[in-house]
Each structure stands twice: as structure tokens, then as C-alpha cells.
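Chains A and B supply the protein sequences, listed in that same order.
Sequential numbering of the first sequence, starting at 136, is according to this note's numbering.
Sequential numbering of the second sequence, starting at 136, is according to this note's numbering.
Derived from the structure by calculation, the hints contain no laboratory data.
Mixed in with the good hints there might be a few duds.
One copy or two, either will do: identical chains are not told apart, so a pair holds if it fits within one copy or between any two.
25 Å max Cα-Cα, derived SDA-like pairs, lysine to any residue [to be verified]: (1) K367 with D140; (2) K367 with A323; (3) K367 with S139; (4) K269 with R304; (5) K367 with Q141; (6) K367 with Y144; (7) K367 with T149.
Below, each chain spelled out in residue letters.
Number of protein chains: 2
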Amino acid sequence: MEPSDQVDYISGRTRLFAIVGHPIAQVRSPEMITAELRARGHDAILVPLHILPEDFDACLPQLMRVRNLGGLVFTIPYKLRACALADELGAQARVVGAINALANGDDGRWRGDIFDGLGCVEAFRRRGLAFAGKRVMLLGAGGAGSAIAAAIGSERPASLRIFDIDGERARLLAETVARANPRVVVAAASPTIRDVDILVNASPVGMLDDARLPLPISDLSRELVVFDAIVKPERTPLITLAEQFGCTTVYGREMMRGQIARMVDFFYAV
Amino acid sequence: MEPSDQVDYISGRTRLFAIVGHPIAQVRSPEMITAELRARGHDAILVPLHILPEDFDACLPQLMRVRNLGGLVFTIPYKLRACALADELGAQARVVGAINALANGDDGRWRGDIFDGLGCVEAFRRRGLAFAGKRVMLLGAGGAGSAIAAAIGSERPASLRIFDIDGERARLLAETVARANPRVVVAAASPTIRDVDILVNASPVGMLDDARLPLPISDLSRELVVFDAIVKPERTPLITLAEQFGCTTVYGREMMRGQIARMVDFFYAV
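If we strip away everything but chain A, and leave its shape as in the complex, we get (with noise of 0.2 Å):
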């Protein structure tokens, strides 16, 4: 046999994970997971599953029937729908109430959980960085936002403030995060950097060309840490201010780095 007759990043013992989602070209879990994936040493592979919203509830239980599939990822628009095909449900979905994972145990069980909140969490412990103590605004109560909130929420911030330009929305998320961190101060409020150690971003303002910034500001403290949860452009309007004051940023890439390496975790852990 030629080289050049077989591939070797695929065969029949290649552990199978899939991201489902209704659009699927745009997704980059495929190429970064499986990266994070070999990179550990593991013979898997995460492909993209292109599922139409009126066939995902048949076709997704047979899916999860398939021996080898080790896990699922899950993107617009099934993270809610996805909940009900777990067996348990992890602490930050419970919160939250939506997943964008789902792990095949041993046991044959299926465990579902969201980890963009975790990635956030992971990118600011991999640069050095804790919410543990610190006032925390959060701009955004949206799918983002919440799962932040969530893992913000249950890493004992002094307090954490949540903005959003629907304030029902503001007030929902921050009574049920408050309600799962009983020792949080959680509270919607107006958007602000007075007394904020930590200014989050989950907001889609800022993204692609949209040239605002989430919040009037105009200048900023260099002991401010700004995250913008915004991957396009890396450089969002708010991280190039927050950058021309000396401010500590962190960027999207790094919370969704954080978050593949948290899912591949729970992938290999159940």
C-alpha cells in the first residue's frame, strides 16, 4: 500500500463527536475541537452534523444510538432543545437551562452541560486572573450572557451586576443566578464601570462592523479588566479602548480556546 492510498487522522476504531446545527458551514468546532482532540492524544474526530430544525427530534435519539459517538456539541438553534435528550444535566445547564454539550458515559448515560460560560471562567484563569472577590459588570443577558452569568455566578465574585437592553431579561437572569450563588450580590443594573473591577462584554455590540461600544464610556481605569466576548473582529471596539487605557483585556478566541479545552474535559471525564 502507497502512503498516499490512506489517510491517517481517521480509520474504523476513530472515536466519533458531532456538532448539530441548523445552519452548520459557519461552525469551527470541527477543525478546533478535533485539534484539541489529537493534541491530547486522543483518536477522535468532531464532524459537523447539518440537521433540520422539523427532523431534530426523531432524528437525534437514533444519532445518540450510534456506538462509537463519543459526545455532541450543539449550536444555533438547538442549545434549548437540546436539554431534553440528557439524563442529567450539569450544574451550569441547570442554571442556565439550555446545554451545548452532551457526553457518553461509560454507563451508557448521557450528560449534558454549557460550557461558554466555562470557557470565560478558563480564559481568565489561564491568564492569571479571578473573579473570586471582585465587582463584576456583565453587559448582555442573552444565550451568552446567561451561561457567563451562570459561571461568573458560582466562582464567589463579590458582586455581579447584569445590563441588558431589555431589563426583564436583565432582572430574570439575575434573580436566577442570585438564587443558585446565595453568597452573590446579583442584580440588574445600568451599565457602568464605577465600582467595577471586571467589565464583561456578552453583548453583540461591537461585532463584525458595528462600530459602538456596549456602554457610554469615554475613559477607563488601567486596573479595569475589560472581556469582550465577541470572536469577529478580535479587536472589538471596546478591547481597542480599553487597550488604549492600559486595561487588561482578554478576547473572545481566548473563552472559546477556554471553552473547547473544558469540553473536551467533559468529553474524556464521563
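Got chain A; can you put chain B on it based on the hints?
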């Protein structure tokens, strides 16, 4: 993003193919068919799916609803059961009554056919050898033998004699191939090289550590062409003997390569 953060062989745009079997670890299609897909410039991959017999009937129709799934390959024990999944059967499949590939057409219809025998014909073609007008002796009328008989039959050989240790099985296969190819002389027969131009072994005799020959022979004409469908070992006792006598020999691995080429043609033609 550092280069090591991602692999270059899978993304959200990659078209999926899969081989379905039980067990699955031993299959070679993932590394070999993926290599063929890549060599032709397709952004595509073939992954292994281990599906249990009790799950097959419910799982496959759902799996076939995955929008970026281009086709399926079937191995033991599913080549017969998979026929029911096809909207249309190809010429080979109609003779053999089994399929090993299903292709998802642009029109949403699934077309099934079997490529073991076509792989044998393709291997001969690549060597500049033809079955047309030749007298062929085929040993073995099981799964591989049936597919090979169907493929050779449609190449207009002068005659096709078929031997199997189960004489009834040989007779039934001869009848089926004769019906599909009225102008070819097809018959069950004793194993012989007398008046034979091409000897084809599709029986398991000579596989792995089996030192036997699939028919009682001690000397051969160097005009005889000898093909052995066995892949392991590459040089079976029959091939070794044939080479000692200066015969032209064709290897099982060549059939495998020929089959892969024809399957990929099929996946991208429909």
C-alpha cells in the same frame, strides 16, 4: 489563532460519508476512501459508524436525513438489509440482491449499488486486462463471489463457470447471472483450469494462515491470468504458485483500490 489550534482536514463545510457496520474497528474505508476523496480535491471525509443490528432499522432512515451526508458504505452484516433503504437500485445490486453503497443524489433520492465486483473489473482494466471474450473460472459464490460474478457477467466474457463447495449456491448464482446476461454462457462447474483464461478466487481459501489452494492444481500455463480477492495476505498460496509459473497475477488489494475509485465516482455522479 496559532496553527496548532486547528486541523486542516475538517470544517463546517466538509461533506460527510460514513461506513456502517457491526463491528466497525476493522474497516479500512475511513482511511482509504477519505484519501481518495481528498486526492480528487473534495472537502469530504468518511467516518466509521458502529450501529448495532437491533438499532439499524430505526437509526438509518434518521441518519439519512442529515443534510450534509453525501453517502453511506455498508459492511458486515448489513449488505442485504441496506437494500431496503434505497429509492433506486443499480444494475449490479439488482443481480446480487445486496448493496454496499448508498449515494444521496441532488434530487434527494438515495441510489444503492454494490461495488465489490466492479472493483475487480476496474483492477483488471487498470492493468490493461479485459474479461470480454475470455473463459473465466470463478471459485466461491458467497457475498464477494456473487458481486464478482455479476460484474464479470456484464463484461461479456465467452463463458463464466462458477464453483462453490455448496453446489446449490453455485447453481443459483449461475442462473441469476445468466438471466441478467443472456448472451454469456454461465454455469455451475467443478473447479478447473482446463480451457480457462482467467481464474478468479473469491472463496476464503488461502486467507490469513490458510496454506491451502482453492482448487487442486500443481502446474499452470503462463498464459493464465490469476486473480485472488483475498487482501490478507497480499500473496496468497494461489498467487504465489501462479507467480512461480510466470502467470499474470492481480491482487485483492487492487480490487479494493478499484472498488474505492468506483464508489467515489458513484458518490459524486448522482
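To see whether the hints hold, each was checked on the structure:
1. K367 with D140: between (38 Å within a copy, 17 Å between copies)
2. K367 with A323: Neither: 27 Å inside a copy, 69 Å across copies.
3. K367 with S139: between (37 Å within a copy, 20 Å between copies)
4. K269 with R304: within (23 Å within a copy, 79 Å between copies)
5. K367 with Q141: between (36 Å within a copy, 17 Å between copies)
6. K367 with Y144: between (29 Å within a copy, 23 Å between copies)
7. K367 with T149: Answer is between; shortest inter-copy Cα gap is 22 Å, intra-copy 32 Å.
In the structure shown, a violation is registered for the earlier hint numbered 2 alone.
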